[in-house]
Amino acid sequence: MSIFETPSLEPNPKRQRIEPVFEPNPKRQRIEPVFNNSSLSSIPCPHTYAQYGVCTACNSMIENRHYRSFNCFKDGVQIRHEAVASVKRLMTKFSYMGDKKLPLVLDLDHTLVHTTTVSSLTEAEKYLIQEAGSRHDLWLLKSDDDPVAHLIKLRPFVLDFLKEARKMFNMHVYTMGNRYYAESVLDLIDPRRIYFGKRVITREESPYMKTLDLVFADERCVLIVDDTRDVWPHHKSNLVEISRYCYFRMSNDQCSRPYSEERIDESECNGGLVNVLSLLKEVHCGFFRVKEELESKDVRLLLQEIEFSRGVLHE
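Numbering that gives the first Met the number 0 applies: residue 0 is where the sequence shown begins, and numbers increase by one.
These are computed hints drawn from the structure, not numbers from a lab. Any given hint could be a false lead.
Okay, derived cross-link-like pairs now, SDA-like style, lysine to any residue, Cα gap no bigger than 20 Å in a straight line [stated by the list, open to error]: (1) 125 x 305; (2) 73 x 86; (3) 235 x 305; (4) 235 x 212; (5) 166 x 135; (6) 73 x 54; (7) 141 x 159; (8) 280 x 297; (9) 290 x 95; (10) 125 x 261; (11) 280 x 226; (12) 280 x 250; (13) 290 x 93; (14) 290 x 94; (15) 280 x 264; (16) 92 x 81; (17) 125 x 250; (18) 235 x 175; (19) 235 x 250; (20) 166 x 54; (21) 166 x 285; (22) 92 x 261; (23) 99 x 72; (24) 280 x 170; (25) 162 x 135; (26) 99 x 196; (27) 100 x 284; (28) 100 x 295; (29) 296 x 219; (30) 296 x 281; (31) 99 x 88.
Working from the sequences, and respecting the hints, build out all of it.
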């Protein structure tokens with residue numbers, strides 16, 4: 000039977016009705032059994048996992064309001080709300096901890112790349128149009144679906160950063176850009192998806208703010224790298240704030256000449272990603288230093304200790 004079919008609840012015609020032995024009261028009305036399919040289907044499925052709206056245990060259709068989607072982990076995966084925290088803990092314990100890797104959430108814009116529209120280039124920047132594609136760090140993005148052409152500039156050290164971070168972290172992308180843009184950037188920095196796989200969260204899934212609710216891992220183990228603190232209103236303690244990477248001229252910055260007009264760039268040896276990688280290594284080392292203490296370790300506390308020792312203060 001298909002899961003979309005409703006089983007018949009009609010009375011069995013072979014079942015014999017037992018009549019009373021006394022004469023029925025003519026004023027008494029016979030009450031027949033009522034079979035209401037909708038009342039039965041309103042009972043919510045109690046199981047934890049579903050995929051594409053179908054329970055993986057009993058094959059019944061679920062009510063989406065009872066479940067949270069984790070498409071960035073696997074397409075169509077849904078978990079019942081009250082089970083999310085425990086499932087995240089199990090996933091963290093048996094997957095991330097076993098591989099000695101922590102979940103790392105990376106922003107795109109001004110963190111790994113800087114993107115601008117071709118139409119907004121200044122006269123001093125237009126030479127970049129000719130150089131796009133011939134340089135490993137500069138690409139022209141055009142599409143039939145989007146009439147606006149963009150230039151994408153990779154941040155210095157980004158490819159080395161991803162290569163090193165992969166040894167310690169299970170990486171996710173989290174951007175307020177749309178999915179087409181995110182996938183286009185990943186085609187440049189991770190064309191074989193060896194770093195991020197399907198772990199990409201965009202504004203389609205998270206249009207208003209960024210949250211670790213959508214990351215399939217226990218919050219005590221998740222590190223975030225982003226240039227903007229305010230987009231993480233509930234998870235600032237997980238955040239490693241990186242210096243903002245601005246290669247092209249920003250429309251609101253007329254005071255100084257950008258890298259693009261100066262024809263220079265951020266340092267490969269002492270730029271934002273180099274410094275962040277050093278801190279991430281320190282947190283990773285502290286987390287896994289004593290195997291027997293993994294259950295009590297928390298990256299948020301480790302970050303506080305490291306930032307305090309470095310004299311870093313946040314509001």
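**OP:** Could you tell me which of the numbered hints above are not met by this structure, giving the numbers in increasing order?
**Re:** 1, 5, 7, 12, 15, 19, 20, 22
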